[in-house]
Amino acid sequence: MTRTAHGLGDAVSITPAALAASRLSFARDGRLVIDGVDVDLPVGSFGAAIGPNGAGKSTLLQLLVGTLPVDSGAVLFDGADLLALRRRDRARMVALSEQHGDGDTGLRVNDVVMLGRTPHIGRWASEGPSDRQVVADALSAVGMSAFADRPFDTLSGGERQRVQLARALAQQPRLLLLDEPTNHLDVRAQLSLLSLVRAQTAAGITAVAALHDLNIAAAYADAVIVLSDGKVVAAGPAASVLTGELIGDVYGVRADVLRHPRTGRPLIAFDTT
Amino acid sequence: MTATTAPSATTGQAPPPRRGIRHVPTGVWVVILSAVLLLSIVFAVTLGPADIRPTEVWGSILGHLGLDPTALGGDVLSPLRDGIVWELRMPRVLTAAAVGAGLALSGTVMQAITRNPLADPYLLGLSAGASLGAVAVILLGVGLLLPIAAFAGALTALLATLLLAGAAGTLTPTRTVLAGLAVSAFFGALTSLVIFWSATGDTYREILSWLLGSLSGAGWPAVAISVGALLVVGMPLMLTGRTLDAFAFGDNAASALGIGVNSARWLLLTATALLTGAMVAVSGSIGFVGLILPHAVRLVAGQRNRVVLPLSALAGAIFLIWIDTGARTLFDPRELPVGILTAVVGAPVFALLLLRARRIR
Numbered sequence: 001m002t003r004t005a006h007g008l009g010d011a012v013s014i015t016p017a018a019l020a021a022s023r024l025s026f027a028r029d030g031r032l033v034i035d036g037v038d039v040d041l042p043v044g045s046f047g048a049a050i051g052p053n054g055a056g057k058s059t060l061l062q063l064l065v066g067t068l069p070v071d072s073g074a075v076l077f078d079g080a081d082l083l084a085l086r087r088r089d090r091a092r093m094v095a096l097s098e099q100h101g102d103g104d105t106g107l108r109v110n111d112v113v114m115l116g117r118t119p120h121i122g123r124w125a126s127e128g129p130s131d132r133q134v135v136a137d138a139l140s141a142v143g144m145s146a147f148a149d150r151p152f153d154t155l156s157g158g159e160r161q162r163v164q165l166a167r168a169l170a171q172q173p174r175l176l177l178l179d180e181p182t183n184h185l186d187v188r189a190q191l192s193l194l195s196l197v198r199a200q201t202a203a204g205i206t207a208v209a210a211l212h213d214l215n216i217a218a219a220y221a222d223a224v225i226v227l228s229d230g231k232v233v234a235a236g237p238a239a240s241v242l243t244g245e246l247i248g249d250v251y252g253v254r255a256d257v258l259r260h261p262r263t264g265r266p267l268i269a270f271d272t273t
Numbered sequence: 001m002t003a004t005t006a007p008s009a010t011t012g013q014a015p016p017p018r019r020g021i022r023h024v025p026t027g028v029w030v031v032i033l034s035a036v037l038l039l040s041i042v043f044a045v046t047l048g049p050a051d052i053r054p055t056e057v058w059g060s061i062l063g064h065l066g067l068d069p070t071a072l073g074g075d076v077l078s079p080l081r082d083g084i085v086w087e088l089r090m091p092r093v094l095t096a097a098a099v100g101a102g103l104a105l106s107g108t109v110m111q112a113i114t115r116n117p118l119a120d121p122y123l124l125g126l127s128a129g130a131s132l133g134a135v136a137v138i139l140l141g142v143g144l145l146l147p148i149a150a151f152a153g154a155l156t157a158l159l160a161t162l163l164l165a166g167a168a169g170t171l172t173p174t175r176t177v178l179a180g181l182a183v184s185a186f187f188g189a190l191t192s193l194v195i196f197w198s199a200t201g202d203t204y205r206e207i208l209s210w211l212l213g214s215l216s217g218a219g220w221p222a223v224a225i226s227v228g229a230l231l232v233v234g235m236p237l238m239l240t241g242r243t244l245d246a247f248a249f250g251d252n253a254a255s256a257l258g259i260g261v262n263s264a265r266w267l268l269l270t271a272t273a274l275l276t277g278a279m280v281a282v283s284g285s286i287g288f289v290g291l292i293l294p295h296a297v298r299l300v301a302g303q304r305n306r307v308v309l310p311l312s313a314l315a316g317a318i319f320l321i322w323i324d325t326g327a328r329t330l331f332d333p334r335e336l337p338v339g340i341l342t343a344v345v346g347a348p349v350f351a352l353l354l355l356r357a358r359r360i361r
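Protein chains in written order, with the UniProt record's numbering: chain U, 1 to 273; chain S, 1 to 361.
Please keep in mind that the hints were generated in silico from the structure rather than gathered at the bench.
Ideal placement from N, C-alpha and C gives every residue a C-beta, glycine not left out.
Label-pair ranges, simulated between beta-carbon atoms:
#	chain 1	residue 1	chain 2	residue 2	range
1	S	LEU239	U	ALA202	31 to 41 Å
2	S	ASN262	U	GLY252	36 to 46 Å
3	S	VAL232	U	ASN215	52 to 62 Å
4	S	LEU145	U	PRO52	54 to 64 Å
Which stretches of chain S does chain U cover? Using the computed rule of at least three CB atoms under 8 Å from a CB of chain U, they are:
#	stretch
5	240-248
6	258-269
7	291-303
Just chain U, same shape as in the assembly (with noise of 0.2 Å):
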């Protein structure tokens, strides 16, 4: 970010953008998926990208990970321009984990946490004894420890989205984007596997996930970014984000926005009747 000496006004920001994507954009046959999208997050915090169906919060995080290519725009992290990287320079950067329902694979749950050693690894070469100690404690970092030999294909929703949180733990990013992390876990496992995303927070890794419950948008992220129709149509902390006249207007639902009595944080009341 280059700032001119009479731009005074904006020369607050002391601490450096850790994540700073500008105006992104991605067509997908023709019509723009993803238009023009700024993210900003600092170091450790957690972004939560929020938004209706189809507005494009998976595509976002594609394109922040380098899976999907952009039309326009550029990430930044820390200053080192992410979509430049080469793809495996890039991977030990940033890692994704996404939703593997189908989780189709007899991998053992050892050998899909150690996947994410990849891009560590020479592509001829073997795994070493550092590889396996990142994987172990990426394991022992989700709780997952115990079911290092089971067969990944046996465990329940909950777990396989652990796992998943495991292996992009190996990758050891700077970076961790997740897709809708708690879609079809219990409550129990929601909060579980979210704890498990602030802890990474806490020490220091960047998150972003898309999610779609605004409740626990609202208790666990430092900042929702919220996008409707590949926009952002708001962004910041979630108590000043999250109004009820935000949530009319971009879910066309009726809510109101209460405060947890525990936390001070956001609580959001869907009008039912």
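We have chain U already, so just place chain S on it with the hints.
Just chain S now, kept in the frame of chain U:
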């Protein structure tokens, strides 16, 4: 709040399968199977109308390597018996080994990269394409071009299958198999048409043994082609296990792990087409080896492709040596096309796999 109580109640649908076997290190498997392969080569050569002792086979090998047979425990053979060993049986057994290894490797790679447990050179149309190329070349009387024509046919069929399967979106397992069926049927029909219009007595026999898969004509040139393809294409493929594993959760996940998905897919599939083309060129189209051997290996050694690739190659080699030995000795003096036997053995195994594998949807 760290919810780390081991939640076992929700996860008990299948017991962890046979931990003990799976924890045998890969190196041990490789050593065991390599030893079995070497013994299989020697003993398969002893079997046939003329009785040959293992020590004679050993002696013949040593003699042709320029070593003194008697010093290393081998027998000295008469020129006639040496001819049976070295000119008739040895090249055939070595070709069977190379073809078995090559087909099993191709199957493993295709299953991993299309995420389809049913993928193999036969089902995806490669064998049909290679057969069409080979039959056309036989009928045109330019047999020297056979490997090239077989490869071109295999590659064309593979391209047709993948383009057809991917035309309306993503390459799903079901679409890939259905596209492979369509391509196989079409190339098979073209082959029949070509045979119908132009084959005469002699070429007809040659073509038939070809379509059914046979190693009966395999001499040292066949060894050169099949073992050469195995060394040049198969060996590098054996080292791609980590890349193949990265596809376990789909293209997107592989890409996010730093794999160049499109280039990797085309490179690996072209390599399998090359390998299959070479194998089909020397043996005709032999089914089921590429399909069942990788699955059999996975049952005992787990799913990691780094392990499955070399073990499939070894198991495929051993399997085809013995199947071919059966094909030439079981109904002596008549010889079965080996493809019939692989199908007789393979189809029921395949049915068993379908019955017990919950992963095949």
